[in-house]
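Participant: The primary structure of each chain is shown beneath.
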Amino acid sequence: DTGVSQNPRHKITKRGQNVTFRCDPISEHNRLYWYRQTLGQGPEFLTYFQNEAQLEKSRLLSDRFSAERPKGSFSTLEIQRTEQGDSAMYLCASGPTPNNSPLHFGNGTRLTVT
Amino acid sequence: GEDVEQSLFLSVREGDSSVINCTYTDSSSTYLYWYKQEPGAGLQLLTYIFSNMDMKQDQRLTVLLNKKDKHLSLRIADTQTGDSAIYFCAEGLYNQGGKLIFGQGTELSVKP
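The listed protein sequences derive, respectively, from chains V and B.
In this text, residue positions in the first sequence follow our numbering: the first is 1, and each later residue adds one.
In this text, residue positions in the second sequence follow our numbering: the first is 1, and each later residue adds one.
Hints are not guaranteed to be accurate.
What follows is a set of in silico ranges between Cβ atoms, one per label pair, in the way DEER data are often shown [unchecked claim]:
id, chain 1, residue 1, chain 2, residue 2, range
1, B, Pro39, V, Pro8, 12 to 20 Å
2, V, Lys57, B, Pro39, 28 to 36 Å
3, B, Asp69, V, Glu78, 37 to 45 Å
Source of the hints: derived by calculation from the structure; they are not laboratory data.
Given the structure is predicted, the values throughout are model-derived calculations rather than measurements.
Heads up, the beta-carbon is just placed ideally off N, CA and C, and yes, glycines get one too.
One chain only, chain B, in its complex shape (with noise of 0.2 Å):
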């Protein structure tokens, strides 16, 4: 079955560059995400990568992906006080109305 595994705890100071590490099972995922959560609140969006694509970047975050290994990760460059949160990654199966699978999360701590 699909799973999804992440790494719980990441503590960096700020101005650091975090990085992130996910690693997926389900060999027929069309496209990764990466998606953002703040206490007490849903799920925001951050930013996605298809399983066509190594690398992609918008503005202080880089994902890239490892097909291979299965392996995906997110890079926070410049890391303020106000990316402190919990960061899930989510495989998507698109042969399954487009699902998301999601690990349990990495809480990341940024400290002044």
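Chain V on its own, in the form it takes in the complex (with noise of 0.2 Å):
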């Protein structure tokens, strides 16, 4: 078990750049999560896959986020058209069911917009 593994894990980008941000769940988790956390915040919920289906949104996900799980493994997180208040850390968690499992946390893409 290497835990949950993101990629990069800092990124810097001028303003209107498209991001993609990489996640490697725990091998067996067929639930993944992403969240962000700003400075001085609690992680916030972005989107939740369940195997390859994304299940939930967050209204915090705007039409610039996208979400993917292609084969129900990694999953990939682009914002296209960065806007400065889109720096923060991008979190990345994973679950086993059933569904009171506790989630383990990757180490976080930390975001910064210039």
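These two chains come separately, so use the hints to put the complex back together.
Facilitator: And the structure:
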């Protein structure tokens, strides 16, 4: 068990550019979540996958954000036309069934939009 | 809607006990979690408790749950400087895919 892996660890981009982050969950976990965390705040839920199906998206996930989990394993989160307000830590978590099993988090990708 | 509240700061001396408090609103939560976050890192699961329990002890950690008041606490015995971090309380929503709703976090500062 190597834990949840996220890449890259840090990303600096200019406003208006597109960025993509990757999350590799713990291998046997079929639930995968994306969260966003800004300075001084707790993580906020963005979206959730059960296997390859995206089952819920938060209102925080504007149409510039898209997440995929094509084969039910790794997931990507893409932000198009980045804005300075997108600067945050993006956290990925995974968990096995049932739904009350604890979630395990990666170390996050810190995005800075200049 | 769901909401989780925590006090923002706690300062203790090394060797003392720390108690971090949390309140939550969703009455359907079946499980509650404590996570620890060190600077620049992700969240580390510390412990969790199911809503049909009142207390759970795990080494230096004791979790108390008062379902009537929707109040959760985390006690750290013999607090060490390495315990300095931000502690997040989270409620798990079983009927919403198991997603977690987090509080703002309590920054614990341990002074030698």
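Participant: Name the hints, by number, that the structure is in violation of.
Facilitator: none
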